[in-house]
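Trainee: Construct the complete structure from the given sequences, taking the supplied hints into account.
Number of protein chains: 4
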Amino acid sequence: MSDVYSEKSYGADDVGFGEKLGILVVDFQKSFTDPRFTMGGSDRIDRSVEKTAILLKIAREKNIPVASCFVAYPNVDSMPYWKVGVIKETLFEGSEAVELDPRIADPDYDFVFQKVGASAFFMTPCSAFFTKHRVDTIAVTGCVTSGCVRASAVDSFQFGFRTMLVDDCSGDHDERPHQDTLRDVGRRYADVVQSEDVIQYIMSNQ
Amino acid sequence: MSDVYSEKSYGADDVGFGEKLGILVVDFQKSFTDPRFTMGGSDRIDRSVEKTAILLKIAREKNIPVASCFVAYPNVDSMPYWKVGVIKETLFEGSEAVELDPRIADPDYDFVFQKVGASAFFMTPCSAFFTKHRVDTIAVTGCVTSGCVRASAVDSFQFGFRTMLVDDCSGDHDERPHQDTLRDVGRRYADVVQSEDVIQYIMSNQ
Amino acid sequence: MSDVYSEKSYGADDVGFGEKLGILVVDFQKSFTDPRFTMGGSDRIDRSVEKTAILLKIAREKNIPVASCFVAYPNVDSMPYWKVGVIKETLFEGSEAVELDPRIADPDYDFVFQKVGASAFFMTPCSAFFTKHRVDTIAVTGCVTSGCVRASAVDSFQFGFRTMLVDDCSGDHDERPHQDTLRDVGRRYADVVQSEDVIQYIMSNQ
Amino acid sequence: MSDVYSEKSYGADDVGFGEKLGILVVDFQKSFTDPRFTMGGSDRIDRSVEKTAILLKIAREKNIPVASCFVAYPNVDSMPYWKVGVIKETLFEGSEAVELDPRIADPDYDFVFQKVGASAFFMTPCSAFFTKHRVDTIAVTGCVTSGCVRASAVDSFQFGFRTMLVDDCSGDHDERPHQDTLRDVGRRYADVVQSEDVIQYIMSNQ
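Chains as they are written, first to last, in our numbering: chain S, 1 to 206; chain A, 1 to 206; chain C, 1 to 206; chain F, 1 to 206.
No lab work stands behind these hints, which were simulated from the structure alone. Bear in mind the structure is a predicted one, so any value in this text is a computation, not a measurement. The hints are all genuine.
What the simulated footprint calls covered on chain A by chain F, stretch by stretch (three residues with Cβ under 8 Å from a Cβ of chain F suffice, anywhere in the stretch; the number is not a length): (1) 76 to 88; (2) 107 to 118; (3) 127 to 133.
Result set (EDC-like, lysine to aspartate or glutamate): computed pairs, CA atoms no more than 20 Å apart in a straight line: (4) C:K88 <-> C:E99; (5) A:K62 <-> F:D77; (6) C:K20 <-> A:E19; (7) S:K62 <-> S:E196; (8) F:K57 <-> F:E196; (9) C:K88 <-> F:D14; (10) S:K20 <-> C:D77; (11) A:K62 <-> A:D108; (12) F:K88 <-> A:D108; (13) F:K20 <-> S:D136; (14) F:K20 <-> S:E19; (15) S:K88 <-> S:E99.
With the Cβ distance kept under 8 Å, some of the chain C side facing chain F (calculated, not the full set): (16) D13; (17) K83; (18) V84; (19) G85; (20) D184.
Every residue gets a Cβ at the ideal spot worked out from N, C-alpha and C, and that includes glycine.
Mentor: Shown next as structure tokens:
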């Protein structure tokens, strides 16, 4: 694909998998994955939950570190200036909206943590967890692709990790912002891969 | 505009200006603003430099805090895993590619700092500078809109600031990723404004 | 006091209170404040809880932002490399050891948050909370002075806040490490004050 | 040693070296190591520079990642609220006071970076550098032990690294604050080791 970005050497180099994989699951909580909630009900997100559940099952069998986060607040006063109205009405600690989707949750295995920004790394113990486990490659999954997943992938890159954005394990409300994210992130910060690529890497290497 | 995002309450609330403004200038360095460099030569970026220069002139007269950053590295070994080939060949400390564009640079007034990630806030003293000056609202300008400007706007939001993404003071290599960024960021994290809105706020309030 | 540090200009300047105060309460959780727990039972910590309770009562009446944290983990695997044995046996999410002491807790008023390191600011939303509320001065209270209180005071300074280390609202297991902390921090990063100084500031200014 | 801290299980467990070592050198810049500067002239710091030079020579031969920082600011306005008077008069970018001591500097090998707080990790690319190189153990050296070295050791622990505080490679203006630091840090966050321990580890393992 020849465009102004590739002419300027964007996307010239792949990142590639390193020596030790970790998986990050961003915000697969009921507010986004359960149609009973305003932000729920997206088929694209639902499919990405199913795909991620398959990936995680294999990853856990192979002892791959998994970190899984949800966004929640004690009250509106402690939130940043969200423009999404329903966040300010529903994402409270202890509410059902912030519970992880049971299809991907395994609190006995995963490192489950709360976040308050868009990125799973922003002011959370996420990078310290992966550093402690000597992970050098993070596969990013979750929702919403054009929001918290993107911010998390950028931070994974910034923290010095090899970053894999897993296309079919990430979901958005609509297709175009999902694809735009793959385009922007994939030529700068991360390789865009499918879950079967990650599974193949796990089966071959870990 | 009715779409699946607005149905889910994205963009429901504006952020609004607060009590004290600061301006962030992201990566208006020669590698992006001077056509002699591979990543330079974008008319969109050139126009955004000119618009930002006008905004900064007024801001400095009104004693508005300004922070201006550039990205540079001592060597390839200390870089994160960039996929942009030319970054790994040119963005070295002390090289001309990392010098700020003289049209926007005023090192005697601005707080000038180096960054190493995409976001101007990532592992830099940016938030501490604005906190020390009691800024509560940050107008984000610079380049590239779909890369470092976007990452900086997300972090400005995450750090608790009211965030204004200044459309005509931000530039990209192509129009569509610029507009996609306004769309994604504008319904979640920041108000999208024009430089004249910021100037009007300054003239009325500071 | 003439010593090698003052000869080298340490402690030459006071910080002083600014325009808006916030209060940080570090780790006044039962593991440290209740004698039933291994790390509990210190008279010094008990007295600092009582003093902090008085300060907080006044602060809340005057609408001063209060952030109160506790340290807790889902499991040992997600902890940093603590050398304190009992931390690895007791500080688990949901356990009584991580409950805030009822004498200082007011979850309806305070911003209560979990931390995982020593500092209340390390990878937590603490700085964003104070930034959002335009706080420029943080009074640091809590326990243990020579551990998490000290680390929090250093970070408060680093994030650009005016920092007040409140002597009688901070407690340690023994007197000397408490005093050593006041000495080291007080000549570099923060003013060492008494709770009555903070109360007087509140009564006069807010 | 039986005291109230050991009764409460402080210092119960050692951290131990892990699989890959990195070395952090904190603020061995002329302002602290050269007697011509107000904060310089400490024999203790001078000896620690010499010891660190020996350690670094061996480390570089064995390809151990080394990160070396200095503190500097563009101007007073961008500093946090330092209480050390001379910092506000001398630690400016480009001045001799912020040059690394030639005995420990090797900019062609080391990752050299600027910092603005006390900790070498605070808002710097330090953790990302070590993460990228899959370091799991950081040996902390530099000055001043009771200030920036301590803050750096705490952050190394917080970021999930195994932390070794190297006694004879760390210097302070006076002996007691140095020892107090070893005491406080050594029972909580890091193993206190000598340079010969680190050298022995390097010779045996890397």
